[in-house]
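Peer 1: Residues per chain are reported as follows:
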Amino acid sequence: MRKITIYLSLLLSLALIATACVSDSEETTTTTAATASPDTTQPDTPDTPDTTQPDTPDTTEGTIAPAGPVLIGSIHPLTGGLAGAGNRMDNGARMAVEEINAAGGIASLGGAPLELVSADSTGAAEVGQSEAERLIGDGVSAIIGTYQSAVTTLVAAIAERDGVPLVIDVAVADSILDQGYTNVFRIQPNATSMGASGAQFLSELAGDEIKTVAYLHDDTGFGVSVADAFEAAAADYGIEVTARIPYPPFEVTDLTTEMSQAAAVSPDVIVITGYYNDGLLAARAATDLEVDVKAVIGIAQGAFHTPQFVADFGASAELFFNSNYHFNASDPVVQGILERFEAAYGEPMDTEAMLSYQAIHVIADALERAGSSDPADVRAALAETNLADHFMAYPGPIAFDETGENISAQPVLMQVVDGAVQQVYPLDLRETDPVFPGTAWSNN
Amino acid sequence: MRGRLRQAAWAVLAILVAVILTQSTWWDTNQTVFAQALVSGLLIGGVYALVAMGLSLVFGVLDIINFAHGALMTIAIYASYLLFDNYGIDPYVSLLITIPLLFVIGVGIQRFAINPVMDAPIHNQLLLTLGIAIVIENLALVLFTGTPRSIELAYARNEFDLGLFTLDFPIKVFGAVVSLPKLIAFMVALLLGGAIYVLIHRTQLGAAIRAAAQEPEGAEMVGIDVRRIYTITFGIGAACVGAAGALVMPFLFVSPTAGATFNIIAFIVVVLGGMGSIPGAVVGGLVIGLTQEMTQIFVPGSSKLLGVFVIFLAVLLFRPQGLFGKVQR
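Listed in order, the protein sequences are those of chains A and B. Residues in the first sequence are numbered from 582 upward in steps of one, following the working numbering. Residues in the second sequence are numbered from 172 upward in steps of one, following the working numbering.
Derived from the structure by calculation, the hints contain no laboratory data. Every residue, glycine too, gets a C-beta built ideally from N, C-alpha and C. Take these hints with a grain of salt, some might be off.
[Stated by the list, open to error] Have a look at the derived ranges for each label pair, beta carbon to beta carbon:
1. A:Q760 to B:F469: 35 to 41 Å
2. A:P929 to B:R282: 40 to 46 Å
3. B:Y326 to A:A925: 35 to 41 Å
4. B:P471 to A:D1009: 37 to 43 Å
5. B:V183 to A:L1008: 53 to 59 Å
6. B:L333 to A:E1012: 41 to 47 Å
7. A:L1008 to B:L314: 41 to 47 Å
8. B:N286 to A:S1023: 57 to 63 Å
9. B:L333 to A:K792: 41 to 47 Å
10. A:R1011 to B:G279: 54 to 60 Å
[Stated by the list, open to error] Going by beta-carbon spacing under 7 Å, a handful of chain B positions derived as facing chain A:
11. A208
12. T318
13. P341
14. S350
15. F424
16. T428
17. L461
18. E464
[What the hints assert, rightly or not] Below, simulated DSSO-like cross-link-like pairs (lysine-lysine); rule was C-alpha separation at most 30 Å, straight line:
19. B:K343 to A:K875
20. A:K792 to B:K343
21. A:K792 to A:K875
Given the sequences, and given the hints that come with them, work out the whole structure.
Peer 2: Here is the structure:
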């Protein structure tokens, strides 16, 4: 009897852990979101005035005398497998807030300071959702986040329901903004743009030398949506995806078998989409196997464009490509931000943290123009955003179309050359000539 | 029991051969992939075996399901990393430090946290170990941030002149690549597994541990301090992940959740091999390692753990005592 209880409890705990892991995947979240959003709009309408009520006196006060701080929510995975990126992003946002306050706060609100309210999504969509509800209950004027598409999907539904603007720093899935939301804005390029630009860069890089691609991608909504977009766009350039190998990004301890599957179809290049840890494992597997391809290219890959990857992987990091969002590395203002971040937090700033830093500046800009901290006014001002002096490697100013996508967002193709991540495409952002065909093991 | 094991092995082999023969075109293009899955599965299986051994020992002797096992492994991973990063100590030399360190930590946990609740219902102990795991993981997060780190061994891609022949790492076996850190991890894990087997079955301490496991009251009567044996056993269990953590560090990454990945696998290995059985943990570890990689190549698009969970369910249904477990009264 005792043994049965043991097995049962073991099984139940395993099930519990398993569901916790599964919750990262897009599938579960979309269904919850679908059931949540229609349900919630109706009964929650009486709630909405409640939450906006405490804000209103604030704003009227604000126009007269220096008001209390303007609260901005920040939701990122501060614990769990993605805690590294999550904490850097939170730090990026925090640094932006501190700098804006030091420079005198929001002038149009009588110098009101910003206050960052950090929340931990733990990487789980439903936790992110309840944290969003908590932040809105605290009276935030806007929210930034959340690094994961699955989490962002639910947070966006809450933001829309309660009429508090959400500025997405990082989250790639197109579907987040396909719902006709009016309160959600995205600074980074979406999956379609990532995939399409990736395909375009490949053809620009190699002419018609690349005909076949083996695609290794994480099996969450992130990897699947980018790989789908790439496959569709690549066909226009005569590039065929001959093998797709999905893998669970938070469970893998080794990707050698997966990499040998990719190499088995003898592709011209291997393309990888995923997060940092799995990217490192993939790079290691490719190096161990010395895969016989013209290049290994990340698309929206979380590792190959980071200074940390070069530090971790040393000389073996050489010649890996990554097509991803990137800060404007040649801008002296950006270089200053990078230096201050490293001095303050003891680690190099990556683009994800820069996007969070950027998101705070986008909101500050909107607050300045709105002259109000009321979420509805901030939303209206965000929709009118036309921010030219931003920190990203984008061809134009940050401005949002009617769906909330940043019309200027585009990725940059980067390559590790001479021990540093350098921009190689588009041409006007080029820091060095790309090495193609090339891998660290074939060019030795 | 031997008969059944043999039957099961033949059945698995027959299915594998059948699959390969019926898909011979598949075989032509994918022999290297198959060889790679075999090699990767076996190598990581050795590490699973070592991790599961510690868990199995603690369960077999103390009747405690230790959910902090993976978190203890995280401690070892960080210890090994910090020793390398700050003092340049080779990860394999750091085994000499991580194994005793984790033994001491394990002894401390058992003595001050678990011994007081040994007589409480099993779910209390389960929640306690789960709590310890959460504390360790978040402590690591506070102390070292969530930023994953990793190292590259300078000699991992190197030629070794062994007199008779030279080994150029990473070496290739039938097109499959064997990296040096994984090979070392596999061999040391099995060596340590053998050492633990000897410790349990050939020494006086081992006899006392087995006595405390089988008949605590009886053991107490012949003068064995059962509480002390429990403490030592938990220490040995923790020492297993002390070794495993240092062994995986060079080819994995260092993060607060790095060890937790091994936790769930270790549970399945223990159930498969039989609670408390050391040979069971070894066979289970290798089988699960292979299953995981085979799932990856034969069931495309699924999680690697799918095949592992199928085996887990099958074992619970058809052989709940595990491959090497004894049938309960």
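Peer 1: State the violated hints by number, sorted upward, taking the hints as numbered earlier in the document.
Peer 2: 17
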